[in-house]
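Sequences are here, hints too, so could you generate the full structure?
When you read off a place in the sequence shown, starting at 1, and then add 104, the result is the number in our numbering.
Don't read these hints as lab results, they were simulated from the structure. Among these hints, one or two may not hold up.
Pairs of lysine-lysine, DSS-like flavour, derived with a Cα cap of 30 Å [what the hints assert, rightly or not]:
| hint | residue 1 | residue 2 |
| --- | --- | --- |
| 1 | Lys202 | Lys249 |
| 2 | Lys297 | Lys202 |
| 3 | Lys190 | Lys249 |
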Amino acid sequence: MSTFLSGVAVLLSTLALGCSGYVAYEVFTLRETLNATNTVSKTIPTQVPSPTATTSPQATASPSPASATTSAISPGQFVQPAFGKKAEVELLSAKRIKDPETGNRDVVNVQMRIRRLATDGVAGSDIISVASTTARNPETSVTYKGVALNRSTGSVSLFQVRPQASADAYIWLRVPDGINNLDIFVPDTAAFKNVPIPN
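Spelled out as structure tokens, the structure:
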């Protein structure tokens, strides 16, 4: 009887040892998989964040990519009225950048500041659709549009901006490389003529 029990004990010990080895192997494999996943996630470059609509006062647009060139626009050089005299739009910069998806330098990042001037009489429908901004080659009259909806601030509502406060916005326009001047048209805003685009 004791021999039988000893045999059973040895068998159970062998099974327990085998199970322990299998569990240890699974844990090791899982750890290696997690390490490999972490390594891959660290080497994959992060995607350019999609810009979101900016309607709050003193909002700031996302910074341009590092490949952007220096803007030739001076502060206060390009300021135009919007919605009559309810607001004004100032171009802060117009920089040529690389398209992160194609690597081509056929994108112009236009940054602007929308300032509400009116203290009253501003309706909820007084919205500047920054995403609908276009540009035109002053020499050929060819028109250029935005890269995509997610490459602009979207819309800025004057109603949500306090009087004398401002909101920053931007849009990426698809403009072929080599064009050095643009007429820029922001909706419900007077046109910006011959804006320099440094290459």
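Taking the hints in turn, this is what the structure says about them:
{"no.": "1", "hint": "Lys202 - Lys249", "result": "holds (16 Å)"}
{"no.": "2", "hint": "Lys297 - Lys202", "result": "holds (24 Å)"}
{"no.": "3", "hint": "Lys190 - Lys249", "result": "holds (26 Å)"}
In summary, the structure agrees with every hint in the numbered list given earlier.
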